[in-house]
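Enquirer: All chains, full assembly: derive it from the sequences and hints.
Counting from 1, one number per residue, gives the positions in the sequence shown under the numbering used here.
Warning: the hint list may mix true and false statements.
[What the hints assert, rightly or not] Derived pair list, reagent style SDA-like, types lysine to any residue, alpha-carbon separation capped at 20 Å:
#1 Lys124 x Tyr24
#2 Lys28 x Ala96
#3 Lys124 x Ala76
The hints are simulated quantities; they were obtained by calculation from the structure and are not laboratory data.
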Amino acid sequence: MKKAFCLLNHTLTEKQIAELKSVYEAEKIEYPPPEIAEQWTQIPPKTELRRSDLQNIIEWLFNAEKGDVLIVQGEAGSAFAVADWALQRKIVPLYAATKRVESEERQGEKVFRHYVFEHICFRKYSYFSDLE
Numbered sequence: 001m002k003k004a005f006c007l008l009n010h011t012l013t014e015k016q017i018a019e020l021k022s023v024y025e026a027e028k029i030e031y032p033p034p035e036i037a038e039q040w041t042q043i044p045p046k047t048e049l050r051r052s053d054l055q056n057i058i059e060w061l062f063n064a065e066k067g068d069v070l071i072v073q074g075e076a077g078s079a080f081a082v083a084d085w086a087l088q089r090k091i092v093p094l095y096a097a098t099k100r101v102e103s104e105e106r107q108g109e110k111v112f113r114h115y116v117f118e119h120i121c122f123r124k125y126s127y128f129s130d131l132e
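Expert: Spelled out as structure tokens, the structure:
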């Protein structure tokens, strides 16, 4: 049974779930336990990322098998490191490609910008050398 592991700062939308099932043939979607989810949202912003910053997250992912998918988005360096870990193990790391729709509202001297992100599709993380 193919699984999709979600390492995001939010839950998946219905459109994303449908894509995971139809395109990537994921039969089960797994979210991290609360303590792992919290750790993912709070990667320490120090000068260098360390293995220890990601160790618990990687341990949670040890249930992933070759061919499973992993949606990974968040702090750029951490997402890159986890995607690299997945690629090395033949787990398919994905990120969401979105369309951003912006609107602006003015109230006197104040300007309010609103952004709506619409899911377009998932894309596979790839090494540059593997791109066509």
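Enquirer: It remains to establish, for every hint, whether it holds in the given structure.
Expert: Verification of the supplied hints:
1. Lys124 x Tyr24: holds, 11 Å
2. Lys28 x Ala96: holds, 18 Å
3. Lys124 x Ala76: Roughly 15 Å between the alpha carbons, so the hint for Lys124 and Ala76 holds.
Violation of the numbered hints given earlier is absent; every hint is satisfied by the structure.
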